[in-house]
Structures are given as structure tokens and as C-alpha cells.
Amino acid sequence: MAITTTKSAFWKGFRDSAPFIFMASPFGFLFGVLAAEAGLIVPEAFAFSLAVFAGAAQFTALQLMQENAPLIIILISALAVNLRMAMYSASLTPYLGDAPMWQRALAAYFVVDQSYALSIVQFETEPEMPLAQRVAYFFGTNGIVAPAWVIGTALGALVGTRIPESWGVDFVLPLAFLAMIGPMLRTPAHIAACFVAVAASLPAAALPYNLGLIVAGIAGMVAGAQAELWLERQKVKSEAAK
Amino acid sequence: MSSIPAPLLWTVIIGLALGSYALRFAFIGFMGGRAIPEWLMRHLRYTAVAIIPALVAPLVVWPAPAGGELSLMHFAAAAATFAAGYLTRNVLVGLGTGGLSLLLLYLAA
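Residue numbers (this note's numbering), protein chains in the order written: chain X, 1 to 242; chain B, 1 to 109.
Chain X with its partners taken away, still in its complex shape (with noise of 0.2 Å):
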């Protein structure tokens, strides 16, 4: 279905996160526990999400501050979590660079895995929409997943405190990582940076200040990086033979 209007592009974006909500409530929630596990009280937590909006950047952080990292590497290596949206900010400016600088201002605060994933797909596959449209479908795919993201946190804080600590809470961020791993591996060379960082990262904890994480980190960055390049070289091979 074709979108006609500036306001029904927004509810399109919209109706189209609607499956996120299942994501970014859970998510925002458990991250509320566990910020309220480390000491946090539930204004913290909330203006942590709020501020910060990005999942998996504040579970890093919050994972380096309970093991006393230095506050140059938790600064680091939560940004490096976030370099993609630097990604996703450039692949979006040829569809949203032409609109009014208060736009892109607040668009970029709103720049995450889900909005990008679903404009992206509108933008490509329809290429004629308007501006306008197109600005008011990325803000669209974030009227829920926001709010239930920041709204979660503030759940999961409040409950927080009451889980007693017998439960082994402790566990729960590797496991929350774990979950998050596994549907990012979607090529080959996602695979390798895998692989090649988590193989890095065993000797490299041995590394002071937790720099093991940043050093495998970059590690698996490479490897990642050059198996897309050799990936390619063999695709243009095997195409030659033909």
C-alpha cells in the first residue's frame, strides 16, 4: 500500500515497530533490574535510559562500572558498542540530510537498531516518497519502541531491589549478551569478528585496566572487516569462472 500523506507515513512507521514493542519492554526492563541490582535507584536508571537510549551500550556500561573499571574504558568501550549508530546516521543521510537541521537534530537522538532496520527497508523500496514522508515514518518507528523502552527501565528498576540476590542476578547480563549475539551473526564475516574477538578477549583479560576488551574488540573489528574483503574477492572469482 502505497502511503498518501505526511501523517499516514508516521502511522505506518509506527504499526510497523509494533513487533519491537515484545523487544524494547523486556529489554528496557531487565536493564532496570539489573541497574537496580548494582545500586541504582529508579531516577538513575530512568535518566540513564533516557539520556543514554541505547541498549546493549548501557548494559556494557553498566557490567564495566560493577567491575571498577577505569572510567576511560567504560566510556570506550560502551561508545564502541554505539559506533554503529555512526553507521546507521550515514546510511540514512542521503534519505533524511535534505530535511530542516531541528529534524535531523532530533532524529539523530532517535537513531537505533530498530528505526534504522525499518526505515532503511521503506526508504529502499520506495523510492519516490517524499521527504516530508520520509521523516514522518522514522519518527513513526519510534512512537512505542521509546516509550517502552524508558518506561520498561522505570518497571524494572522499582521491582529491582525486591528480587533477593539468591537468585544468581548476577548471571543474567552474560546471559542477556548471549541473546543478543546470536541474531547479529548474520554473515560469515559477522561470525569471524565473533569468533576472533572472543578468542582474543580470554588471554587478553589478563591485560590491565580491562583494556583486554578494547584490544579484542578491535581484534574482531579486523577480522570481521577483512573477512567481508576476502569474502567479496572470492564471490568476483568464482563469478569470473563462470
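Since the hints were derived computationally from the structure, they do not count as laboratory data. Just so it is clear, the structure is predicted and the values come from calculations on it, not from any experiment. For glycine and all other residues, C-beta sits at the position ideal for the given N, C-alpha and C. Keep in mind that a hint or two might mislead.
Claimed, not checked - Some chain B residues near chain X, calculated using beta-carbon distances under 8 Å: (1) A48; (2) V60; (3) P63; (4) F75; (5) A76; (6) Y86; (7) V91; (8) L104.
As the list claims (entries may be wrong) - Covered, in the sense of this in silico footprint (three residues per stretch, anywhere, with C-beta under 8 Å from a C-beta of chain B), are these stretches of chain X: (9) 6–19; (10) 101–111; (11) 130–138; (12) 145–159; (13) 209–218; (14) 222–231.
We have chain X already, so just place chain B on it with the hints.
Relative to the frame of chain X, chain B by itself:
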């Protein structure tokens, strides 16, 4: 579990808020139509799949609840969570499997 000192917490929150916003704004706001270099895009694609596994691997191999010793049960729970997420491509299925694994760990302990 340890409580995080307020000045550290707020520095992290504000630092991450500004940093994350800068990353998101960088291209959409500043770069306009200019393209990001191909080699940089290629590395950015793999940041999350490198950093998160690097963070989680030591937590699984030396789990805090087992006092930092390799624990077969924790390892199995982690493997089940990852496998469920990978095979179904669904974070929630992975998370559900993780919850179930934790419950089993708790009952077994």
C-alpha cells in the same frame, strides 16, 4: 553487589549521552551528502559483534556467581542461550532460554 559511586555513575551517563548523540548526529547532521569512507564503514559494521562477545566471553568462562572458576553448569546455560538466539534469530527466544537456564541453575544449586 557493589554500589556504584554517584559521581562515576553520572559522569558515565552524561559522557555516554553526549558521545552516543555525537555518533548518531555525526553524519545525519554534519556530513550532509558526503559519504563515509568505505574502509571505515566496513569496520563499523563489526563493532557490536566484536565488542559484545569480547565482553561476554570472560564472564562466561570465569563466571562471577561461581567465584570466577570455570563452571560447567554456567557454561552450559550460556551455550544454550547463545544457540537458541542464533538458531531462531530471535533475541527473545534466546532471552527466554537464558531465563530458563538460570532457573535450572538456581534449582540445582
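Hints the structure fails to honour | 4, 5, 8, 9, 11, 12
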